[in-house]
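Please model the complete structure; the sequences and the hints are all you need to start from.
Per numbering that gives the first Met the number 0, the sequence shown starts with residue 0, numbered consecutively.
None of these hints come from the bench; they were simulated from the model. It is possible that some hints are incorrect.
[Claimed, not checked] List time: in silico DSS-like cross-link candidates among lysine-lysine, alpha-carbon distance up to 27 Å: (1) Lys232 with Lys343; (2) Lys333 with Lys343; (3) Lys232 with Lys346; (4) Lys346 with Lys333; (5) Lys232 with Lys402; (6) Lys425 with Lys337.
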Amino acid sequence: MPDPRRDSATDAELLGAAQASLNRHSEVLRGLGRLFADNGHELYLVGGSVRDALLGRLGVDLDFTTDARPDQMLRFLRGWGDALWDTGIEFGTLGVGKGPPGHQDRLEITTFRADTYDQVSRNPDVRFGDNLTDDLVRRDFTVNAMAVRITPDGPAEFLDPLGGLGALREAVLDTPAAPEVSFGDDPLRMLRAARFVSQLGFAVAPRVRGALEDMAPQLSRITAERVAAELDKLLLGADPVAGLDLMVETGLCDVVLPEIGAMRMAIDEHHQHKDVYQHSLTVLRQAIDLEGADGPDLVLRWAALLHDIGKPATRRHEADGGVSFHHHEVVGAKMTRKRMRELKYSKQMISDVSQLVYLHLRFHGYGDGRWTDSAVRRYVTDAGPLLARLHKLVRADCTTRNKRRAARLQANYDDLEHRIDELAAKEDL
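Have a look at this one:
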């Protein structure tokens, strides 16, 4: 996959990567192009599909736009696709599956849009457009506002009226219209900017950063479910720390996850405790490194991010000049449940993440193996099906500038895991 920032990919290299990506879907693209042409309509591959093709990371989800109206598409797509979904038809969108189960391309085809937005609810007033350029201008970022014409011969010319290829080459997120207009239409796009920073490794344009700072409070108008969906995508990205940093620096976090910004506590004059925010980001990175072949683990990543959110509320300056955070795991678990409920997460998700936050500190009472077998059993029982995740979270949390102490903590946890395995073998724990 060409990386515009690290490889200094040229336009020709990016377009070559796109051609190679699209060739893998040539049969479907030719068939769909022929179907639309035979019925007198234009068809374009658009949005994230074009962006991902240029980056060499195109999957099986393909997005298209067309001048055909939904009822017209419904007539001629029936019988062509192997599956058809019309749940988005009121928004001008039809879904089509093409290919055998398990190897199916998932196509989403939407009529040109020229929406306006209610300035109070921010819900779109769905209006169909009549040309490609107007459709592209209303998209979130220029890297998502490129198109490829699809004909009976497959992909034809590449269309980039808004400079998306240059933005992709420079790895910059900018808006097709003024960012104040784009974010005013749909404030969720501000959170999407942070998500793309995480997923793609791009930076935001200076004018976009300025608009994020000025308009962050408008995120409060977005439903909790939409916010949570973007946060999950951000956390599951390749570099969630970069996305979170952007959210904190621009004030987006203050609106949707205020507990994260609150962790940016000043280090005391003797540097006796770590900045909790930076520590939490380090734990998140290290938890990601421990995920292994199973891939991104959303529960683990949320727990790593939130494991110390109880520290600001429990910080106490002791007489000896030290700082304590007594029972921060208890307070943090309560705060986690409250925030995730407000974001409308499932009961299971809330339970899993908050339980990991609650248990993350217990290992530090293990010392040099001083727990009884009963205490080890209780640790396993309380973790239940979360035990494997708890192992990873605790190991990720063993961060300290003192390398000798860090090594001792890891050795102690090795010993605890060994005792758990021994007891399991003896007692079917």
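Each hint tested on the structure:
no.	hint	in the structure
1	Lys232 with Lys343	holds, 16 Å
2	Lys333 with Lys343	holds, 15 Å
3	Lys232 with Lys346	holds, 19 Å
4	Lys346 with Lys333	holds, 14 Å
5	Lys232 with Lys402	violated, 34 Å
6	Lys425 with Lys337	violated, 40 Å
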